[in-house]
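Visitor: For reference, the chains in residue letters:
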Amino acid sequence: MPFLAVRKPLSKEKRSLVAILSFAIPLMIWSAVSYLPFVWHPLIKVTDAGSVDYFKANMLVPRETFEFEAEKSVSAGLDPPSGLPANPLYLPAPHEVGKALYTAFATEPRRQSEKWLHESLWSSIQVIFWGFILSSMLGIPIGILAGTFDFFSKLFEPFIEFFRYLPAPAFGALAVAILGIYQAPKIAIIFIGTFFQQVLVVANTTRKLDPALLEAGQTLGANNRSLLLKVVIPGILPDLYRDTRILLGWAWTYLIVAELIGTSSGITWFITQQARYKNFDNVYAAIIIIGVLGLFIDFLLAYFGRRFFPWKTT
Amino acid sequence: MIRLKLPDYKYQTEKVKERFSRLKRRSITMEVRNLTKKFQGIDGPVTALKNINLKVHKREFVCVIGPSGCGKSTLIRTLAGLEEATSGEILLDDKVVTKPGPERGMVYQEYTLFPWLTVKKNIMFGLLESGATRSNAESEARQWTSLVGLEKFENHYPSQLSGGMKQRVAIARALANQPKILLMDEPFGALDAQTRAKMQVYLMEIWKNIDITILFITHDLNEAVYLADRVVVLKANPGEIQEIIEVPVPQPRNPSQFITPEFLATKHHIETLIHPKGELKEVDNLNLVRMVNVKSDIGDVF
Ligand SMILES: Nc1ncnc2c1ncn2[C@@H]1O[C@H](COP(=O)(O)OP(=O)(O)OP(=O)(O)O)[C@@H](O)[C@H]1O
Ligand SMILES: [Mg+2]
Numbered sequence: 000m001p002f003l004a005v006r007k008p009l010s011k012e013k014r015s016l017v018a019i020l021s022f023a024i025p026l027m028i029w030s031a032v033s034y035l036p037f038v039w040h041p042l043i044k045v046t047d048a049g050s051v052d053y054f055k056a057n058m059l060v061p062r063e064t065f066e067f068e069a070e071k072s073v074s075a076g077l078d079p080p081s082g083l084p085a086n087p088l089y090l091p092a093p094h095e096v097g098k099a100l101y102t103a104f105a106t107e108p109r110r111q112s113e114k115w116l117h118e119s120l121w122s123s124i125q126v127i128f129w130g131f132i133l134s135s136m137l138g139i140p141i142g143i144l145a146g147t148f149d150f151f152s153k154l155f156e157p158f159i160e161f162f163r164y165l166p167a168p169a170f171g172a173l174a175v176a177i178l179g180i181y182q183a184p185k186i187a188i189i190f191i192g193t194f195f196q197q198v199l200v201v202a203n204t205t206r207k208l209d210p211a212l213l214e215a216g217q218t219l220g221a222n223n224r225s226l227l228l229k230v231v232i233p234g235i236l237p238d239l240y241r242d243t244r245i246l247l248g249w250a251w252t253y254l255i256v257a258e259l260i261g262t263s264s265g266i267t268w269f270i271t272q273q274a275r276y277k278n279f280d281n282v283y284a285a286i287i288i289i290g291v292l293g294l295f296i297d298f299l300l301a302y303f304g305r306r307f308f309p310w311k312t313t
Numbered sequence: 000m001i002r003l004k005l006p007d008y009k010y011q012t013e014k015v016k017e018r019f020s021r022l023k024r025r026s027i028t029m030e031v032r033n034l035t036k037k038f039q040g041i042d043g044p045v046t047a048l049k050n051i052n053l054k055v056h057k058r059e060f061v062c063v064i065g066p067s068g069c070g071k072s073t074l075i076r077t078l079a080g081l082e083e084a085t086s087g088e089i090l091l092d093d094k095v096v097t098k099p100g101p102e103r104g105m106v107y108q109e110y111t112l113f114p115w116l117t118v119k120k121n122i123m124f125g126l127l128e129s130g131a132t133r134s135n136a137e138s139e140a141r142q143w144t145s146l147v148g149l150e151k152f153e154n155h156y157p158s159q160l161s162g163g164m165k166q167r168v169a170i171a172r173a174l175a176n177q178p179k180i181l182l183m184d185e186p187f188g189a190l191d192a193q194t195r196a197k198m199q200v201y202l203m204e205i206w207k208n209i210d211i212t213i214l215f216i217t218h219d220l221n222e223a224v225y226l227a228d229r230v231v232v233l234k235a236n237p238g239e240i241q242e243i244i245e246v247p248v249p250q251p252r253n254p255s256q257f258i259t260p261e262f263l264a265t266k267h268h269i270e271t272l273i274h275p276k277g278e279l280k281e282v283d284n285l286n287l288v289r290m291v292n293v294k295s296d297i298g299d300v301f
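Protein chains in written order, with numbering that gives the first Met the number 0: chain U, 0 to 313; chain A, 0 to 301.
Looking at chain U on its own, in the form it has when it is part of the complex:
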């Protein structure tokens, strides 16, 4: 079977190979940019200042400046500076980020009041969790009702259509004024960011249920309540589960904005703090941790999904 066949699944080995490639390719590009001195490297890291008085060892200077100063000192018969090609601080090499990943968890916070990375992470996870759970507890039932009964659709959807265009972070100040400066306003932002989309997405999924199944239910004697509980809900459950996975991804994207509100906290606090100290390797490490965590949760949900819905052959 070729690699490119229209709408045909790849074989198991090919699939794993391509999946590995999907991570390997960006990593290779990153490594190439970091380790091959002739790729990019717009700066020079000074190893020996020579006669240039404002150069210092380990200083990063633009290539043109370095070459200009070097020529100047050579023509003046003085000691030329020496240095190696380097990338800007904001692009650390993979091994540096790898090291930072480890040290970020292993190093004690600088100040007593500051949190360990895993504590920050835990706080972030809690914000996501509660924001998403609260949103789902309201959004999924409302979505299902709106998708089933035109009455609820007309009652909820026009307002929600309006509200979902308002960016969630715009409610930050309001959330702080009402809910204080700690976790509550952050949870509220995740909620606002998720809820309105959730209602519309779930309503749409509900509407896509094959109407013939509802008719079959009716001719078998099901009343409205049974139709809802025994036909609509089980019928949309696999799609609802998939929607929820996608929406959880959206909730994650609101995390950083949410955590900037009130007192900065969680993984966002860690990132902003490290960026302030110019520890960009730590910033990347934190970003990677968020990605890995999200991916892990999604994997977990996908795994359970296959267990929950045995009638789905795919």
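Possibly wrong hints are sitting among the right ones.
In silico DSS-like pairs for lysine-lysine, Cα to Cα no more than 25 Å straight-line [to be verified]: (1) Lys277/U to Lys55/U; (2) Lys57/A to Lys94/A; (3) Lys151/A to Lys311/U; (4) Lys98/A to Lys229/U; (5) Lys54/A to Lys16/A; (6) Lys98/A to Lys207/U; (7) Lys54/A to Lys311/U; (8) Lys120/A to Lys229/U; (9) Lys120/A to Lys207/U.
Quick partial rundown of chain U residues pointing at chain A, CB under 8 Å, derived from the structure [as the list claims (entries may be wrong)]: (10) Pro41; (11) Leu212; (12) Ala215; (13) Gln217; (14) Thr218; (15) Ser225; (16) Leu227; (17) Gly234; (18) Asp238.
Please keep in mind that the hints were generated in silico from the structure rather than gathered at the bench. Glycine included, every Cβ here is placed at the ideal spot set by N, Cα and C.
Assemble chain A with the ligands onto chain U, guided by the hints.
Guide: Positioned in the frame of chain U, the structure of chain A with the ligands alone reads:
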């Protein structure tokens, strides 16, 4: 060409005649009075059904046949209560019905088993809705699965069954509610010829052995004549009853009757009703211009 000399389709042997007179004395399970159904089309209202009058007797097998788009599905959906009649009435055991209910079972052409329920649980659905206890529903569902020969598959999901098996489950699911009438809209339309023939035999067996009245829609002439006591022929635009034919083929039926003179005569008559002579119009002829110059080593297939 040999022209078969066929008898008049209206000719009935004494036995058949006697059976029909008994049949007509039975009580009326479903009566349709002056049923008209209009749809709001893009350019004005479309009359899908016009002045339909029909009486279906208890334990009768009625087939409805007609050209595509004549309103067969609309008729059965209205009878099931899934569409609202524009005017006219539908009576079930002399009571007017307007909403769908379990006393009118329905089987569609598309598979409408609940994909998240196993065969057994699909059959239990209606039983539980009618208030049966779980254990009663379960043992009854078992009996129905074995009646349609699917005991081995009672814990399978519909996606694991073949088309014919799915329709057997659908029939069992509808029958489990003990409906007064079973409404079937081209239930075997999606099956291959062999499975279809088997399913017809099956359905006849069920009908013989269970107290059930059947209204069956098809566009297959053989199927209609083979299964029905009476065939209702519809015509299109608007959907009206053209003729109600008493099938002169003796009961009980078996597949060897497909080539008896009375079978062929009835079939031929329905054929002329559905496709009147000279109906093939200019537009129906293939345009052969492009095909004349087809390059081929074999010039003529004859
Ligand atoms: N929901 C609807 N809205 C508008 N027009 C409809 C609707 N349902 C059916 N019709 C029209 O009513 C007519 C009858 O349709 P129907 O599906 O009952 O035909 P049918 O005899 O079952 O056809 P087939 O043999 O193809 O199944 C058609 O002209 C169709 O376009
Ligand atoms: Mg139809």
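Visitor: If any of the earlier hints don't hold here, list their numbers in rising order.
Guide: 7, 10, 16 and 18
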